[in-house]
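The primary structure of each chain is shown beneath.
Number of protein chains: 2
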Amino acid sequence: MRLFKELLSVDEAKKIFLSKIKSFGETDKDVEKIRISEALSRVAASDVASSVDIPHYDRAAMDGFAVVSEATKGASPSNPVLMKLGTHVDEETCVWVHTGDAMPEGGDAVVKAEDAEVVGEYVEVFRPVRKYENVGRRGEDVKRGDVLIRKGDIMKPAHVAILRSAGIEEVEVFRKPCIFVLPTGDELLPPGEELKPGKVYESNGIMVSSYVTQWGGIAELHPLVGDDADEIAEVIEEAGGDLIITTGGTSVGKRDYMLDVLSKHELLFRGIALRPGKPTLAGIVNEKPVLSLPGFPTACIAVMHILLKPAMEKMLSTKFGVSLKVRLLENVTSKIGFTSFVRVKIDFEAMTALPIATSGSGILSSVTAADGYILIPENVEGFERGERVTAYLF
Amino acid sequence: MRLFKELLSVDEAKKIFLSKIKSFGETDKDVEKIRISEALSRVAASDVASSVDIPHYDRAAMDGFAVVSEATKGASPSNPVLMKLGTHVDEETCVWVHTGDAMPEGGDAVVKAEDAEVVGEYVEVFRPVRKYENVGRRGEDVKRGDVLIRKGDIMKPAHVAILRSAGIEEVEVFRKPCIFVLPTGDELLPPGEELKPGKVYESNGIMVSSYVTQWGGIAELHPLVGDDADEIAEVIEEAGGDLIITTGGTSVGKRDYMLDVLSKHELLFRGIALRPGKPTLAGIVNEKPVLSLPGFPTACIAVMHILLKPAMEKMLSTKFGVSLKVRLLENVTSKIGFTSFVRVKIDFEAMTALPIATSGSGILSSVTAADGYILIPENVEGFERGERVTAYLF
Numbered sequence: 003m004r005l006f007k008e009l010l011s012v013d014e015a016k017k018i019f020l021s022k023i024k025s026f027g028e029t030d031k032d033v034e035k036i037r038i039s040e041a042l043s044r045v046a047a048s049d050v051a052s053s054v055d056i057p058h059y060d061r062a063a064m065d066g067f068a069v070v071s072e073a074t075k076g077a078s079p080s081n082p083v084l085m086k087l088g089t090h091v092d093e094e095t096c097v098w099v100h101t102g103d104a105m106p107e108g109g110d111a112v113v114k115a116e117d118a119e120v121v122g123e124y125v126e127v128f129r130p131v132r133k134y135e136n137v138g139r140r141g142e143d144v145k146r147g148d149v150l151i152r153k154g155d156i157m158k159p160a161h162v163a164i165l166r167s168a169g170i171e172e173v174e175v176f177r178k179p180c181i182f183v184l185p186t187g188d189e190l191l192p193p194g195e196e197l198k199p200g201k202v203y204e205s206n207g208i209m210v211s212s213y214v215t216q217w218g219g220i221a222e223l224h225p226l227v228g229d230d231a232d233e234i235a236e237v238i239e240e241a242g243g244d245l246i247i248t249t250g251g252t253s254v255g256k257r258d259y260m261l262d263v264l265s266k267h268e269l270l271f272r273g274i275a276l277r278p279g280k281p282t283l284a285g286i287v288n289e290k291p292v293l294s295l296p297g298f299p300t301a302c303i304a305v306m307h308i309l310l311k312p313a314m315e316k317m318l319s320t321k322f323g324v325s326l327k328v329r330l331l332e333n334v335t336s337k338i339g340f341t342s343f344v345r346v347k348i349d350f351e352a353m354t355a356l357p358i359a360t361s362g363s364g365i366l367s368s369v370t371a372a373d374g375y376i377l378i379p380e381n382v383e384g385f386e387r388g389e390r391v392t393a394y395l396f
Numbered sequence: 003m004r005l006f007k008e009l010l011s012v013d014e015a016k017k018i019f020l021s022k023i024k025s026f027g028e029t030d031k032d033v034e035k036i037r038i039s040e041a042l043s044r045v046a047a048s049d050v051a052s053s054v055d056i057p058h059y060d061r062a063a064m065d066g067f068a069v070v071s072e073a074t075k076g077a078s079p080s081n082p083v084l085m086k087l088g089t090h091v092d093e094e095t096c097v098w099v100h101t102g103d104a105m106p107e108g109g110d111a112v113v114k115a116e117d118a119e120v121v122g123e124y125v126e127v128f129r130p131v132r133k134y135e136n137v138g139r140r141g142e143d144v145k146r147g148d149v150l151i152r153k154g155d156i157m158k159p160a161h162v163a164i165l166r167s168a169g170i171e172e173v174e175v176f177r178k179p180c181i182f183v184l185p186t187g188d189e190l191l192p193p194g195e196e197l198k199p200g201k202v203y204e205s206n207g208i209m210v211s212s213y214v215t216q217w218g219g220i221a222e223l224h225p226l227v228g229d230d231a232d233e234i235a236e237v238i239e240e241a242g243g244d245l246i247i248t249t250g251g252t253s254v255g256k257r258d259y260m261l262d263v264l265s266k267h268e269l270l271f272r273g274i275a276l277r278p279g280k281p282t283l284a285g286i287v288n289e290k291p292v293l294s295l296p297g298f299p300t301a302c303i304a305v306m307h308i309l310l311k312p313a314m315e316k317m318l319s320t321k322f323g324v325s326l327k328v329r330l331l332e333n334v335t336s337k338i339g340f341t342s343f344v345r346v347k348i349d350f351e352a353m354t355a356l357p358i359a360t361s362g363s364g365i366l367s368s369v370t371a372a373d374g375y376i377l378i379p380e381n382v383e384g385f386e387r388g389e390r391v392t393a394y395l396f
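Residue numbers (the working numbering), protein chains in the order written: chain F, 3 to 396; chain L, 3 to 396.
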């Protein structure tokens, strides 16, 4: 037996693992220049500043009459100010403008169409306007030199639109991190084979891959490998990608080969004080970080959120997902010395969280029912009903 | 002048517009059967129940020794229970099991490896186990007939994994709604052309398209069309897709042709009590719903969230995005009779929202800086600092 004698705290494990993860740099290797129409949800690789004012001229913000604002003083429906309708603006003359038109020289405000009436060659103005009223000023939205997007921004629709407004059609984004995923275990069946006692379908591979996709990466999913240390080692040694994830074979049983495999190279840690998720290993193989996740699905999910997600965030200099403060609807307990990963169902109207009680770490259905999770720190016995805690959304 | 004399309330506009939107049905036309490896983020078209128990047998939840639990009564390190290590389980005999192995007949609990020691052909058990301790029961995760995913579920990694666990490799999802997007306006420049006074780059087309993508749809973006009623009408009449979005030309100016275009077919409404977003029109052209958004970017965004998003949610029988309760850090005011769409920056630690003050509806930079928005209802003058309001995340 090779027991987990000393468990590393979650914080320590995170620190060690992340110290082996490189942030993507602004080099050709890590950056792709792509068209903005392809950029939605990608992560900006550098700050982008505007080379123009937006708008790049004073413009009418309404359909109406460009005027010298001073000249409309005292205008009212009963005592309208009369102006000539012309092609230039001065104290006595106004010009029709459409929304978005450049303001004619001399004009400093727009009288809204509904606040005036055309009478032959004249316009009756029924309401005074202040200087710049109904005028969009040059640079009102963005000034030349303003930063439009920042390194690490996940591109939202408004980011894409503001780049186009500034005449920027290409943007540098980080390439997607490539994560090699290797599921292992003799007790597992690949999809398509017939179910038999003692065997379950392998599902961690597709789950890890799906999370990798969700966190902006590309998953390279290797077919299932049995409990064969040599084969596992061979696959890992030849694997591509920025990071290798394995699932299964991390506990203390006779077929748990990940320790042997990683120990031949460089073992970073083995066993972390996380529940579920204790049997987690990390190492370095051919300069590549390897994270070996437990085979139980929810343990696997817990460690992915605790270690894989921050690793991908570090690569991309960004943050994925939302965390928020909620009140607990029930007590939750934890073992001192362990960080507990507790799935919760959130009521977004009441901002409360209901812990989803489960008896085992294999319970995938507790995750499909959950909106997110909370963490009970290792030095805390639990939280009481009504306590305000941070929930992380899936 | 064709003023907005009667503005429809936002609720009324939503009701009318959504009444013209069909929910996708469980027909071949609206459903695609796809492999689960392609299903992430797609929307389930029907409930899917499991045809198997997961696990489909009682299994060891730990590496250790399968035993009859009764036989371990009173075991302790100083007074271990001695058992034969065999190939079947009875009161005197235990069997080595790996995590995930089917429980041998007769065995009802597993003594963890670290709670026992092998001594020759015997095993010393140091700790008693309860019935089913360290055993994952048949159907513990999912019982045959349990619903794994529901119609309208947006497929998360755990959904994909649970389907694979149940041996389900294909899933029915709704096809992506196809949204035809037509930007209009003489004041606009297509990308690539040189900037000149009175002209700005058209950016609503790519923004609407990006939101459509984000809300699970496919955008068919038509090139920019100028203020030409005939050309606009022609494009709309020949447009494909489930829904048509136009931007620009919705106000009361001489070049605002959307009213003419829609009036020739069926106008649903014109002008809604939303700020920004008042100049919004909807109609039906060749049985297809048309939503005409104002050209100002943030007005366009407001109406997309108020009307387009719920329309796409109705098509797909789902909900996109997250809303949560936050405390306002500043007073916000609104004009009675209008629903106000206010961009906010959210502090997720404090759960507070800071309104982003802007002077115009053209201010895209206020949206890239915002995390979401709040709505001030039409019968409310505003909210006070400290009030708890619902924020919708972008």
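If you're looking for bench data, these hints aren't it; they were derived computationally from the structure.
Treat the hints with care, as some may be off.
One copy or two, it doesn't matter: identical chains are merged, so the pair holds either way.
[What the hints assert, rightly or not] Restricting the straight-line Cα-Cα distance to at most 30 Å, the calculated cross-link-like pairs of lysine-lysine (DSSO-like) are: (1) Lys24 / Lys133; (2) Lys75 / Lys198; (3) Lys266 / Lys153; (4) Lys198 / Lys35; (5) Lys153 / Lys256; (6) Lys290 / Lys153; (7) Lys280 / Lys321; (8) Lys266 / Lys327; (9) Lys86 / Lys316; (10) Lys114 / Lys266; (11) Lys22 / Lys198; (12) Lys158 / Lys316; (13) Lys145 / Lys280; (14) Lys321 / Lys311; (15) Lys158 / Lys178; (16) Lys158 / Lys86; (17) Lys35 / Lys153; (18) Lys198 / Lys31; (19) Lys198 / Lys145; (20) Lys16 / Lys266; (21) Lys337 / Lys178; (22) Lys133 / Lys22; (23) Lys316 / Lys75; (24) Lys114 / Lys16; (25) Lys321 / Lys158; (26) Lys311 / Lys347; (27) Lys337 / Lys75; (28) Lys311 / Lys327; (29) Lys35 / Lys114.
Inset, instruction - With 30 Å as the alpha-carbon cut-off, assign the pair lysine 24 and lysine 133 to within, between, both or neither. - result: neither (54 Å within a copy, 48 Å between copies)
Inset, instruction - Indicate which option fits the pair lysine 16, lysine 266 if close means a Cα-Cα distance not exceeding 30 Å: within, between, both or neither. - result: This pair counts as within: shortest intra-copy Cα distance 22 Å, inter-copy 64 Å.
Legend entry - Alpha-carbon proximity between lysine 266 and lysine 327, which holds within one copy, between copies, both or neither at 30 Å: Intra 44 Å, inter 52 Å, cutoff 30 Å: neither.
Legend entry - Homo-oligomer pair classification [lysine 86, lysine 158; C-alpha up to 30 Å]: neither (47 Å within a copy, 65 Å between copies)
Inset, instruction - Go through the copies and call it for lysine 198 and lysine 31: within, between, both or neither, with a Cα cutoff of 30 Å. - result: neither (47 Å within a copy, 37 Å between copies)
Inset, instruction - Since the copies are identical, ignore which copy is meant and state whether lysine 133 and lysine 22 lie within 30 Å (CA to CA) inside a copy, between copies, both or neither. - result: neither (59 Å within a copy, 44 Å between copies)
Inset, instruction - State whether the alpha carbon distance between lysine 290 and lysine 153 is at most 30 Å within one copy, between copies, both, or neither. - result: For lysine 290 and lysine 153, the Cα distance is within 30 Å only inside one copy (25 Å; across copies 41 Å).
Legend entry - Alpha-carbon proximity context of lysine 311 and lysine 327, limit 30 Å: both (20 Å within a copy, 26 Å between copies)
Legend entry - Alpha-carbon proximity between lysine 35 and lysine 114, which holds within one copy, between copies, both or neither at 30 Å: neither (44 Å within a copy, 54 Å between copies)
Legend entry - Same-copy or cross-copy closeness of lysine 153 to lysine 256 [CA-CA at most 30 Å]: Neither way: lysine 153 and lysine 256 sit 47 Å apart in one copy and 43 Å across, limit 30 Å.
Legend entry - Copy assignment of lysine 198 with lysine 35, given that the CA separation must stay at most 30 Å: Only across copies: lysine 198 and lysine 35 sit 27 Å apart there, 50 Å inside one copy, limit 30 Å.
Inset, instruction - Pop the pair lysine 145 and lysine 280 into one bin, within, between, both or neither, using alpha-carbon distances up to 30 Å. - result: For lysine 145 and lysine 280, only the inter-copy Cα distance (27 Å) is at most 30 Å; the intra-copy one is 52 Å.
Comparing the model with each numbered hint stated earlier shows that hints 1, 2, 3, 5, 8, 9, 11, 16, 18, 21, 22, 23 and 29 do not hold.
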